[in-house]
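Number of protein chains: 2
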Amino acid sequence: MATEDFDTAPEPDGAGAPAPGTRRPGGRTARTRVSVLEAALAELVEHGYADTRIDRIADRAKVAATTVYRRWGTLENIVVDLADHLAVSITLGSGPTLEGDLRTVARAVVALYGNPAHRAWQCAMVSAAAASPKARRALSEVLAKRRESTAVAVTEAIARGEVPPGTDGHEVIRATVAPLYLRMYITAEPVGEAEADRAAAAAALAARAGLYVVGRAEDGTAR
Amino acid sequence: MATEDFDTAPEPDGAGAPAPGTRRPGGRTARTRVSVLEAALAELVEHGYADTRIDRIADRAKVAATTVYRRWGTLENIVVDLADHLAVSITLGSGPTLEGDLRTVARAVVALYGNPAHRAWQCAMVSAAAASPKARRALSEVLAKRRESTAVAVTEAIARGEVPPGTDGHEVIRATVAPLYLRMYITAEPVGEAEADRAAAAAALAARAGLYVVGRAEDGTAR
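Top line first, the protein sequences correspond to chains A and B.
Last residue of the first sequence? That's 223 in this note's numbering, and every number before it is there in order.
Last residue of the second sequence? That's 1223 in this note's numbering, and every number before it is there in order.
Just chain A, with the same shape it has in the complex (with noise of 0.2 Å):
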């Protein structure tokens, strides 16, 4: 079983990327930061990324357009502090076989795209990486850190002797994710538990054959 933390609440004070001038960390800076975070999900939720405009996220904010503009200068760069606002954990349970776990993370990655603050979310943030070598950077490390948590389960099965000494987690957790994130966010294809449970599938039956024993060339592809 998994526990899906989604978390928007306003986060503690003094969290956060400090903002340049910031005098009192928590304060009203804080809040503010806070107020058009919220706004801006809200918009994204209603109108989508292509439509979403920096002015009417300060209007549902109640805060003056010259204040985003000054602090984040692109809906991109609210779209990318969001990722620190929106906290996402998948709580992996210890399953009995590799293919439980990967079906775990699986289907928490399609129950998140299920809610709305977080799917419109991600959408804007996989167009705004496509777009720009700054959100990329942001996504990846967001989606690596995500990974961090799941691939646990390989070391897991690595132990169990279910799968190969060798066997790199991140790729298997990639592999389990794959197909989930072409349908959600590149095709725009249904994605269901069945989608899920057969990515997860895949994934475990290929790392049972070795295939996920990978060493890394220098440029970062694998050997």
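I should point out that these hints are in silico values taken from the structure, not numbers from a laboratory.
Be careful, since some hints might not be right.
Unchecked claim - Some but not every residue of chain A turned toward chain B, in silico, with C-beta under 8 Å: (1) G73; (2) E76; (3) A124; (4) R136; (5) R174; (6) A178; (7) R198; (8) A202; (9) A206; (10) G210; (11) V213.
Every residue, glycine too, gets a C-beta built ideally from N, C-alpha and C.
Start from chain A and add chain B according to the hints.
Chain B in isolation, oriented as in the chain A frame:
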């Protein structure tokens, strides 16, 4: 072996959607369209989707910006129109094994990503698709059309008895390209022939195990 035909040459006169008010298909209007699309592609390669501006496209195409705005309205519409302009076909020979054919497909996908024009357009298209339903439908159609020509590998594998009858060709191709698309367009991680070959091997293994024998529920998800 695959031949990749990446054709950015002007289409035959009259091809593409007729523009409102077009009187002479293949005449000035068609030539303007080609100039603008070629200019847009060059700007996308140079600046990326986030920093490509319609006025610079117009300058480069030597047409008035108002002409571009009147015909396309938004950069998104230009990127969608480029889908028709950029003809991509992956031709499969008839390999002796499904894995060999899938390897051909996967390597062709990686090779296309190595083409700066195709890469710039596809990044823009993924970005547009994640942000707006219109671009999403266009990208979905482009990829479905590409799968039509490669899914035949699965039909042949069924005929050879290599994979179970009822194996869904599109699903096998999706499984093959998904880990590559994840790296190319979402996480921006390095991708090369090793990743291509691994994706092909994993998809072929799962296909042989019968994982892609799928029925369709009414909502389009797998049963």
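Against the structure, the hints come out as follows:
For G73 (chain A), the shortest C-beta to C-beta distance to chain B is roughly 12 Å, which exceeds 8 Å, and the interface hint is violated. Interface hint at E76 (chain A): satisfied, since its Cβ lies 7 Å from the closest Cβ of chain B, which is below the 8 Å cut-off. For A124 (chain A), the interface hint holds, the least distance from its beta-carbon to any beta-carbon of chain B being 7 Å, beneath 8 Å. Contact between R136 (chain A) and chain B, as hinted, is supported at the beta carbon level, the nearest pair being about 4 Å apart and thus within 8 Å.
A distance limit of 8 Å between C-beta atoms decides the matter here; for R174 (chain A) the minimum to chain B is near 6 Å, and the interface restraint holds. A cut of 8 Å between beta carbons decides the hint on A178 (chain A): the least distance to chain B is about 4 Å, and the hint holds. Proximity of R198 (chain A) to chain B holds as hinted, the smallest CB-CB distance being about 6 Å (cut-off 8 Å). Among the interface hints, the one on A202 (chain A) holds; its C-beta lies about 4 Å from the nearest C-beta in chain B, closer than the 8 Å criterion.
The restraint placing A206 (chain A) at the interface with chain B holds, with a minimum CB-CB distance near 4 Å, inside the 8 Å limit. At about 10 Å, the closest approach between the beta carbon of G210 (chain A) and any beta carbon in chain B exceeds 8 Å, and the interface hint on this residue is violated. The restraint placing V213 (chain A) at the interface with chain B is violated, with a minimum CB-CB distance near 10 Å, outside the 8 Å limit.
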